[in-house]
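> Letter by letter, the chains look like this.
Protein chains: 2
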Amino acid sequence: MSALEYLGNPPIASDHQPRIVRVAAAQLGPIAKQENREQVVKRLTALLQQAAAERCDLVVYPEMALTTFFPHWEVSDPAELESYYEKAMPEGPVVRLFEEAARLKISFSLGYAELATTPQGPRHFNSSVLVGKDGGIIGKYRKVHLPGHVDIRPQDPFQNLEKLYFEVGDLGFPVFEAFGGKLGMCICNDRRWPETYRLMALKGVELITLGYNTPLFNPDQTQSPEQRRFHNHLCMQAGAYQNSTWVVGVAKAGIEEGVEMMAGTCIIAPTGEIVVQTRTLGDELVVADCNLDACTPGKRGEFDLALNRRPEHYGLLVEAA
Amino acid sequence: MSALEYLGNPPIASDHQPRIVRVAAAQLGPIAKQENREQVVKRLTALLQQAAAERCDLVVYPEMALTTFFPHWEVSDPAELESYYEKAMPEGPVVRLFEEAARLKISFSLGYAELATTPQGPRHFNSSVLVGKDGGIIGKYRKVHLPGHVDIRPQDPFQNLEKLYFEVGDLGFPVFEAFGGKLGMCICNDRRWPETYRLMALKGVELITLGYNTPLFNPDQTQSPEQRRFHNHLCMQAGAYQNSTWVVGVAKAGIEEGVEMMAGTCIIAPTGEIVVQTRTLGDELVVADCNLDACTPGKRGEFDLALNRRPEHYGLLVEAA
Numbered sequence: 015m016s017a018l019e020y021l022g023n024p025p026i027a028s029d030h031q032p033r034i035v036r037v038a039a040a041q042l043g044p045i046a047k048q049e050n051r052e053q054v055v056k057r058l059t060a061l062l063q064q065a066a067a068e069r070c071d072l073v074v075y076p077e078m079a080l081t082t083f084f085p086h087w088e089v090s091d092p093a094e095l096e097s098y099y100e101k102a103m104p105e106g107p108v109v110r111l112f113e114e115a116a117r118l119k120i121s122f123s124l125g126y127a128e129l130a131t132t133p134q135g136p137r138h139f140n141s142s143v144l145v146g147k148d149g150g151i152i153g154k155y156r157k158v159h160l161p162g163h164v165d166i167r168p169q170d171p172f173q174n175l176e177k178l179y180f181e182v183g184d185l186g187f188p189v190f191e192a193f194g195g196k197l198g199m200c201i202c203n204d205r206r207w208p209e210t211y212r213l214m215a216l217k218g219v220e221l222i223t224l225g226y227n228t229p230l231f232n233p234d235q236t237q238s239p240e241q242r243r244f245h246n247h248l249c250m251q252a253g254a255y256q257n258s259t260w261v262v263g264v265a266k267a268g269i270e271e272g273v274e275m276m277a278g279t280c281i282i283a284p285t286g287e288i289v290v291q292t293r294t295l296g297d298e299l300v301v302a303d304c305n306l307d308a309c310t311p312g313k314r315g316e317f318d319l320a321l322n323r324r325p326e327h328y329g330l331l332v333e334a335a
Numbered sequence: 015m016s017a018l019e020y021l022g023n024p025p026i027a028s029d030h031q032p033r034i035v036r037v038a039a040a041q042l043g044p045i046a047k048q049e050n051r052e053q054v055v056k057r058l059t060a061l062l063q064q065a066a067a068e069r070c071d072l073v074v075y076p077e078m079a080l081t082t083f084f085p086h087w088e089v090s091d092p093a094e095l096e097s098y099y100e101k102a103m104p105e106g107p108v109v110r111l112f113e114e115a116a117r118l119k120i121s122f123s124l125g126y127a128e129l130a131t132t133p134q135g136p137r138h139f140n141s142s143v144l145v146g147k148d149g150g151i152i153g154k155y156r157k158v159h160l161p162g163h164v165d166i167r168p169q170d171p172f173q174n175l176e177k178l179y180f181e182v183g184d185l186g187f188p189v190f191e192a193f194g195g196k197l198g199m200c201i202c203n204d205r206r207w208p209e210t211y212r213l214m215a216l217k218g219v220e221l222i223t224l225g226y227n228t229p230l231f232n233p234d235q236t237q238s239p240e241q242r243r244f245h246n247h248l249c250m251q252a253g254a255y256q257n258s259t260w261v262v263g264v265a266k267a268g269i270e271e272g273v274e275m276m277a278g279t280c281i282i283a284p285t286g287e288i289v290v291q292t293r294t295l296g297d298e299l300v301v302a303d304c305n306l307d308a309c310t311p312g313k314r315g316e317f318d319l320a321l322n323r324r325p326e327h328y329g330l331l332v333e334a335a
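Top to bottom, those sequences are chains A and B.
So in the numbering used here the end of the first sequence lands on 335, straight run, no missing numbers.
So in the numbering used here the end of the second sequence lands on 335, straight run, no missing numbers.
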């Protein structure tokens, strides 16, 4: 058994057709607090239809694509806070997005705030789903690397209360069979942690969808906007190259409730090179043909993980602090 | 105990003096097969003296800085092969480099091929040492991520026989107390593996020395020289940023025995930004004042590893293939 077979990738037959997935990265401009699901779904649907017109297979939406990025704010009204979470996926106006995607036979990944009802009580996650061309859910991910803080910081112009509003995800980093390959998802701050990409690469991932809501200025940090833009792409490009996978990074852009967001939506090849990138700070689609077979040389070569990693030296990576 | 204290970094006192290490990255041009230790040590010493004149604290030399990069070649004569390894560090002409460094009160890290005599027989490693201003060895590292192959490939213009000529290092990724901070070492292909930087960051590393011998063209790969230069810096910059550490990447440059080497020697800040970079393909020194305290905001902020990593989800990282 070759290293690649260990990773779950089938051998390439001589009559193999290239596994090309036409991907649309669907950047969103700001979503105002007052904007309701109906209005947002209308915007998502317009991007979906544009992607379908460009014969795309997959549309990638940002993190928490259905509402304003509410962790930027202290939300003291419990009813308002609850209104930001989805109790089912899909429910309400979001059902129409699923129906339209099924009608257009287009797949999508969508980030949202999830309120799960469990026997132990309600649980809150920063989640995403991968939806097939038939409108059925292929897989779900719950964000593992939550940034920010649990305490309100009145002196700051805005907050990042993800550690307050969400639990750490409990699904690990799954990958899913789709488009004849292996797809994975991660969300926003996950992209800064090389563990994220590697865990999916060890399961053979070939394309990662990655939505983010990142402010250009962070009250906790001294970095310039230029440095923060550089870091955004640096992490995704290194993750793509070092794991020989496509990465589709999709931003919230523009000024949302006074907070300037990072933008920089892009599709990154397994070489780490940016193939396409948005140019605006609003709703904008960029499209690339992602050949999943372009992952194979790296996975069989310098990033043959089974051959070249040395897990016997990696013990400290999994020791708890 | 704060997360930073867990990582071994002392709290910053109000009377704290910045911990600035003036570092010289000492790129080497090609070393011919015919060049002997005397000749190479003369070149290393010239760079050392130049660094001392610029009041540097630390000189970083490349991987296997004492000989030609012999893993590029099938060496069928056992005596020739053995001649490339050091049986002690220092021995022969290399003693004079240590003596000169002690005289000049300058520290250095040096890569070399190590032949260790053990009760179980001879062992071969691709190693580096960190040497203090008194000429004493502070620490040693043996390369963990060996690239290349064990089989001779007659059709290729050159080989990479590191997996044939060396064992995988057995010292893990240690860090050492020096300059009031924590220093670590890694070698060449180690830099492409995010595990390398992370393992040292979990021990609080603030500056990593990293020598490399990398051909611009790799017979096993389809990448262009431009892509390979991009990957070289991408990995080191991501490693620096994601672990909030200085990285000093030092190349062999120029055309060595017909093989064009990558060059691109640079000093990278904990922001991931390249501070200085060589401009030539020969012996060349570039210098930067590396403030170890510049690591602290990242280590206490977004890359507070104890606070923000989720090792409970990382189990797969250490499972053997």
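By construction, these hints were calculated from the structure, which means they are not laboratory data.
This one's a predicted model, so the numbers in the text were calculated from it and none came from an experiment.
Treat the hints loosely; a few may be bogus.
[Claimed, not checked] Pairs of lysine-lysine residues, derived as DSBU-like cross-links and limited to a Cα-Cα distance of at most 35 Å, are as follows:
#, chain 1, residue 1, chain 2, residue 2
1, A, K217, B, K217
2, A, K101, A, K47
3, A, K217, B, K119
4, A, K217, A, K101
5, B, K56, B, K119
6, B, K217, A, K177
7, B, K56, B, K154
8, A, K217, A, K177
9, B, K119, B, K47
> Compare the structure with each hint and give your call.
Tested hints:
1. Restraint check for K217/A and K217/B: the C-alpha separation of about 28 Å stays at or below 35 Å, so the hint holds.
2. About 19 Å separates the Cα atoms of K101/A and K47/A, which keeps this hinted pair within 35 Å; it holds.
3. Restraint check for K217/A and K119/B: the C-alpha separation of about 50 Å exceeds 35 Å, so the hint is violated.
4. Distance check on the hinted pair: K217/A and K101/A sit about 30 Å apart at the alpha-carbon level, within 35 Å; holds.
5. This hinted pair checks out: K56/B and K119/B have alpha carbons roughly 18 Å apart, not beyond 35 Å.
6. Restraint check for K217/B and K177/A: the C-alpha separation of about 25 Å stays at or below 35 Å, so the hint holds.
7. At roughly 23 Å between alpha-carbon atoms, K56/B and K154/B fall within 35 Å of each other, so this suggested pair holds.
8. Taking the CA atoms of K217/A and K177/A, the gap is near 28 Å; set against the 35 Å cutoff, the hint holds.
9. For the given pair, K119/B sits about 31 Å from K47/B by alpha-carbon distance, which is consistent with the 35 Å threshold.
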